[in-house]
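Student: Each chain, letter by letter, is given below.
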Amino acid sequence: MTLIELGLYFALLSLLTFGGLSSVIPEMQRYIVDVKGWTTAAEFMHLFAVAQAAPGPNVLFTSLIGYRVAGIAGSLVALLGLCAPAAALTWVVSTLWERVGDSPWRTIIRRALAPLVVGLTFAGGYIIATPHTPDWRLWLIALATAAGVLRTRVNPLWLLAGGAVLGGLLL
Amino acid sequence: MAVTPVDQHDSTPRVGTPPHTLGELFLGFLSIGARSFGGVLPSAHYVMVEQRHWLTPEEFTETIGLCQVLPGPNIGNAAILLGKRWLGLRGAVVAFLGLFALPYLWVLTLALLYTRWAARPLVSAVVTGVGASGAGLFMATAVKLGRPIARKPAAVVLMAGCFVAVAIGRVSLLVVMPIAVIVGLYFSRRNML
Chain X
18 MTLIELGLYF ALLSLLTFGG LSSVIPEMQR YIVDVKGWTT AAEFMHLFAV
68 AQAAPGPNVL FTSLIGYRVA GIAGSLVALL GLCAPAAALT WVVSTLWERV
118 GDSPWRTIIR RALAPLVVGL TFAGGYIIAT PHTPDWRLWL IALATAAGVL
168 RTRVNPLWLL AGGAVLGGLL L
Chain C
6 MAVTPVDQHD STPRVGTPPH TLGELFLGFL SIGARSFGGV LPSAHYVMVE
56 QRHWLTPEEF TETIGLCQVL PGPNIGNAAI LLGKRWLGLR GAVVAFLGLF
106 ALPYLWVLTL ALLYTRWAAR PLVSAVVTGV GASGAGLFMA TAVKLGRPIA
156 RKPAAVVLMA GCFVAVAIGR VSLLVVMPIA VIVGLYFSRR NML
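So the sequence lines, in the order shown, correspond to chains X and C.
Residues in the first sequence are numbered from 18 upward in steps of one, following our numbering.
Residues in the second sequence are numbered from 6 upward in steps of one, following our numbering.
The set of hints was computed from the structure by calculation and includes no laboratory data.
Keep in mind that a hint or two might mislead.
A few chain C residues facing chain X, derived, Cβ under 10 Å [said to hold, decoys possible]:
#1 P23
#2 W59
#3 L92
#4 V112
#5 A145
#6 A155
#7 K157
#8 S177
#9 V186
#10 S193
If you want a taste of the chain X side facing chain C, the calculated C-beta under 10 Å gives, among others [stated by the list, open to error]:
#11 L25
#12 T34
#13 G37
#14 W55
#15 V86
#16 A87
#17 A90
#18 R116
#19 A129
#20 L160
#21 T162
Glycine included, every Cβ here is placed at the ideal spot set by N, Cα and C.
Chain C on its own, in the form it takes in the complex (with noise of 0.2 Å):
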């Protein structure tokens, strides 16, 4: 994403600024969805962080890191947060809508034009990579987020575990989530994790 100046007499902001109406607030997030074209984390930076100073990078990395060990999707998330936090109730409702509304419209439109032309053998195959290419963003993501838990024999077991499970065998996640929940939460308590 492109660097862009920000304002000169505000090169290293203390603590944010917070919008002060419902309206800001909805433009801002919706600014966050319609820019988010691979990737909705560095859109939500680049908006509340460099370009309407909101939050400050370490405010806006405490936000994330917070939502990552909830469930849900994890600008979501923050946003709910962030609009509680600013605005109460209708701040989490506004910000929430902001960030969804533009994405929405988008899928919706992409799936009419899909459902159309869906039956041409081209499309079809186009799309088909479109999806595998999706299938090796996830596989990426996993590598990263497994390199620095790779060595321990115990993170080893409970991925693999995981993988396993559902993927091969097809277990119901409502199954195997919570016995890794409660297997996972003892090798932490335990630091083997």
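With the rest of the complex left out, here is chain X (with noise of 0.2 Å):
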């Protein structure tokens, strides 16, 4: 039943996905944490830490959720069900495009999509560094890491185990 559930809900998040894992984040942790109680805030977060250890799309992250919830069937019929909607309408809209060529839709499309994308991607960021009550270590790394994507052209790898550094010393 769970492994059903998970696929379902996983599905019908697929096409809300907008720019990427991110601005479903807040969503996943409401659902998983809040209303399902599959793994506590804690352990969400550390799981999406072990996702962004890893190489590949970050939508793995659903992979290592549904690894906890139900083993690694769970990990596969959670990644599944967030790509295959999605990847389903790539290929529908893809052959209409090729047929029909550019159009002004996409631009408005586009256009309409991007503060929804910055605002929710904002609010992903957001969940995952406040767990629980606003902890301001959390926030510092948070901060410091935003600053050295914005401020510098290093990899987003060093930023990560500048991270973890400063978790080991500060938590």
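Put the two chains together into one complex; each comes in its own frame, and the hints tell you how they fit.
Tutor: And the structure:
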């Protein structure tokens, strides 16, 4: 039953993941931690951290949630659930696209989505950095990393390593 | 990422030369997945444009641009779109599997190690630090994407509305997203975004 629930939930989320995984993180956390109690808020954050240390699209985080909830089968169901509906939509749209060519609607849609993606991506960062009540140490690490991305050209992997060191020292 | 010299006879190709076999396609996407530490977009560009010349830089930008208006992982969608264009349904499936195979095994291995050591306070502190750092990556992405539209009042209202509803109010995205999309399209059609 859990497997079916997991698959259906991620399939539903799939069609909302504009701008990537970050925009659905708050919703995932709400459902998995608050509604279902499948993980604690701290564990949710830890699994997110583990996914950050892996290569590949960051939607792989869903496979860790699935793994935690229902083992290897859960990891595959969650990942496929999150990817399959979006992939099917891409298939259909790309067929139309190569037939119709460019259209003003693409610009309209892109502009309409941009503010949503910004607001939701920031919400994703906020939720991850605030698993319980706000903790200045977590926010310090988050803001230092953000500054590193915005002010330097260093590979984000080094910034994550910096976060690991700061975490070990401060927490 | 280090820039490696490309073939001398092939400095500015006008159209890409797509992979001919499923094997070639699979290995290309396997390589994208394997080298994508710290971001999958740069490695996709490196493998498909600079190394294998499957796409020109313009074709790459065009493809990613289309994938960005669709839901789902951008590069995952690109794997479907390009695999399909080059080798049909089997191409789409093979490209997608190639992209995810190695990162999936890697992340699962990390999760096993984490489960084994999570009880140690130092491990927990380090992992929490990485999580906070990952949150910072999202914040930086939001700032980068937000800068060009931060002067438009309608955009600011939408950004703030989405953030407050979802992060502070904890309203379900299943409610917020449809409303925000409708409002966004309304503003966008009137050139307010």
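Student: Hints first: check each against the structure and report whether it holds.
Tutor: Do the hints match the structure? See the list:
no.: 1; hint: P23; result: violated (14 Å)
no.: 2; hint: W59; result: violated (16 Å)
no.: 3; hint: L92; result: violated (14 Å)
no.: 4; hint: V112; result: holds (4 Å)
no.: 5; hint: A145; result: holds (4 Å)
no.: 6; hint: A155; result: holds (9 Å)
no.: 7; hint: K157; result: holds (8 Å)
no.: 8; hint: S177; result: holds (6 Å)
no.: 9; hint: V186; result: holds (7 Å)
no.: 10; hint: S193; result: holds (4 Å)
no.: 11; hint: L25; result: violated (12 Å)
no.: 12; hint: T34; result: holds (5 Å)
no.: 13; hint: G37; result: holds (6 Å)
no.: 14; hint: W55; result: violated (15 Å)
no.: 15; hint: V86; result: violated (12 Å)
no.: 16; hint: A87; result: violated (13 Å)
no.: 17; hint: A90; result: violated (12 Å)
no.: 18; hint: R116; result: violated (13 Å)
no.: 19; hint: A129; result: holds (4 Å)
no.: 20; hint: L160; result: holds (6 Å)
no.: 21; hint: T162; result: holds (3 Å)
The structure shown violates the earlier hints numbered 1, 2, 3, 11, 14, 15, 16, 17, 18.
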